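Peer 1: In mature numbering (1 follows the signal peptide of the UniProt record, and there is no 0), the protein residues as written are -23 to -1, 1 to 132.
Simulated from the structure, these hints should not be mistaken for laboratory data.
This list has only true hints and no planted wrong ones.
In the DMTMM-like style, the derived pairs of lysine to aspartate or glutamate whose C-alpha atoms are separated by at most 20 Å in a straight line are: (1) Lys45 <-> Glu90; (2) Lys27 <-> Glu126; (3) Lys41 <-> Asp15; (4) Lys41 <-> Glu75; (5) Lys45 <-> Glu117; (6) Lys119 <-> Glu9; (7) Lys2 <-> Asp61; (8) Lys105 <-> Asp25; (9) Lys2 <-> Glu26; (10) Lys119 <-> Asp76; (11) Lys2 <-> Glu126; (12) Lys130 <-> Asp61; (13) Lys120 <-> Glu9; (14) Lys120 <-> Glu87.
Pairwise CB distance ranges, derived in the manner of DEER restraints: (15) Thr49 <-> Lys101: 33 to 41 Å; (16) Asp25 <-> Met97: 15 to 23 Å; (17) Asp61 <-> Tyr103: 14 to 22 Å; (18) Asp25 <-> Asp5: 15 to 23 Å.
As the structure is a prediction and not an experimental result, all values here were calculated from the model.
C-beta: ideal position from N, C-alpha, C; glycine also.
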Amino acid sequence: MVRVTIIAFALFYALCHFSFCLAYKYDDCGSELGTFRDVSVTKCQSSDEKCNLVRNTNATISFKFTPKINITQVNVAVYGVMLDVPIPFPLKNPNACEDPNDGLSCPLRENQEYSYTTTMFVQKKYPKVSLYVKWELLNEQKKNIVCIEFPVKIE
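Construct all of the structure, not just a fragment, from the sequences and the given hints.
Peer 2: Structure representation (structure tokens):
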């Protein structure tokens, strides 16, 4: 009986370790000039199927990234993706180097890690839908430094 319990526990641990128990994840959607890690969105748990964004509240995304080349300018592009169709999300200031709240100061150096954080307001007028959010940091030539995609549910 003890042997069966140990085997069952080991199997469960292995499945969870390979993220079958963690349904929520951040996908790389085409990072060309950098890599990212440690992505977090407020109120999103790794055990959730989708990240729940509540209308009329703020949502903060943060992650660390490392450019593979020197970067002089960083622009942000955000999309809501439904049925594989990206719908641009308008940003007040897409230049991450000029926004003091994003935590970036340009130029960025090759192979140096940076932290990016920004807060957006989830407006009440947004429909209650499930979709993917595609978050891109682009260089001065509009090439992806990093591209992160994750499932959300707007409530």
